[in-house]
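Student: Taking this note's numbering, the leading residue of the sequence shown gets 1, the next gets one more, and so forth.
Please keep in mind that the hints were generated in silico from the structure rather than gathered at the bench. Do not take every clue at face value.
Only pairs whose alpha carbons sit at most 20 Å apart, straight line, appear in this in silico EDC-like list of lysine to aspartate or glutamate [as the list claims (entries may be wrong)]: (1) Lys58 x Asp99; (2) Lys76 x Asp66; (3) Lys88 x Asp66; (4) Lys88 x Asp99; (5) Lys76 x Glu89.
Each pair of labels, with its calculated beta carbon distance range [said to hold, decoys possible]: (6) Glu51 x Val15: 19 to 25 Å; (7) Leu49 x Met27: 28 to 34 Å; (8) Asp99 x Leu42: 18 to 24 Å; (9) Leu71 x Val15: 49 to 55 Å; (10) Asp82 x Val34: 18 to 24 Å; (11) Asn59 x Ile95: 26 to 32 Å.
No residue lacks a Cβ here, since even glycine has one placed at the ideal position from N, Cα and C.
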Amino acid sequence: MPLGVRIFLVYFLFVGLTGYFVLSTVMDEVRPGVRQSTEETLVDTANLLAEILRQDVKNGTLAQSDLPEMLEDYGKRVPQADIWGLRKEAVNHRIYVTDAS
1 MPLGVRIFLV
11 YFLFVGLTGY
21 FVLSTVMDEV
31 RPGVRQSTEE
41 TLVDTANLLA
51 EILRQDVKNG
61 TLAQSDLPEM
71 LEDYGKRVPQ
81 ADIWGLRKEA
91 VNHRIYVTDA
101 S
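Based on the provided sequences and hints, a complete structural model is requested.
Tutor: Listed below in structure tokens is the structure:
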């Protein structure tokens, strides 16, 4: 095998391994930040919903409230949003209302 081909193969192997390790390190650094921001949004949404429903749950009038109708209307919404190149055309929250016990 000629020396030039050997040098090219070693160079290609070096560049490939370097790229792999750099990409692996970047992904390990980015992934926790993405998860943290997603979890923060979920916690904020859950607390907002809890505050909205607090009085109805406390009074025991949740079944008579407008919540079922509002959730049904929410499920029928078609947002037509473009989020980083991905089309969002349906809402997909799962909402469960429970008491503290």
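Student: Return holds or violated for the Cβ distance of Asp99 and Leu42 against the range 18 to 24 Å.
Tutor: Given range 18 to 24 Å: holds, Cβ gap about 20 Å.
Student: Within 26 to 32 Å or not, the Cβ separation of Asn59 and Ile95?
Tutor: violated, 20 Å
Student: Take the C-alpha atoms of Lys88 and Asp99, compute the straight-line distance between them, and say whether it is at most 20 Å.
Tutor: violated, 32 Å
Student: Okay, Asp82 versus Val34 on CB: inside 18 to 24 Å?
Tutor: Given range 18 to 24 Å: holds, Cβ gap about 19 Å.
Student: Run the distance test for Lys76 versus Asp66: straight-line Cα separation, threshold 20 Å.
Tutor: OK: Lys76 and Asp66 at ~16 Å, within 20 Å.
Student: CA of Lys88 to CA of Asp66, is that 20 Å or under?
Tutor: violated, 26 Å
Student: Between Glu51 and Val15, is the Cβ distance one that fits in 19 to 25 Å?
Tutor: violated, 54 Å
Student: Is it true that the C-beta distance of Leu71 to Val15 lies inside 49 to 55 Å, as the hint says?
Tutor: holds, 54 Å
Student: Could you grab the alpha-carbon distance between Lys76 and Glu89 and see if it respects the 20 Å cut-off?
Tutor: holds, 11 Å
Student: Please verify whether Lys58 and Asp99 have alpha carbons no more than 20 Å apart.
Tutor: Answer holds: Lys58 to Asp99 is near 9 Å, not above 20 Å.
Student: Tell me if the beta carbons of Leu49 and Met27 are separated by a distance inside 28 to 34 Å.
Tutor: For Leu49 and Met27 the Cβ distance comes to about 33 Å; the hint holds.
Checked against the numbered hints given earlier, this structure breaks hints 3, 4, 6 and 11; the rest are met.
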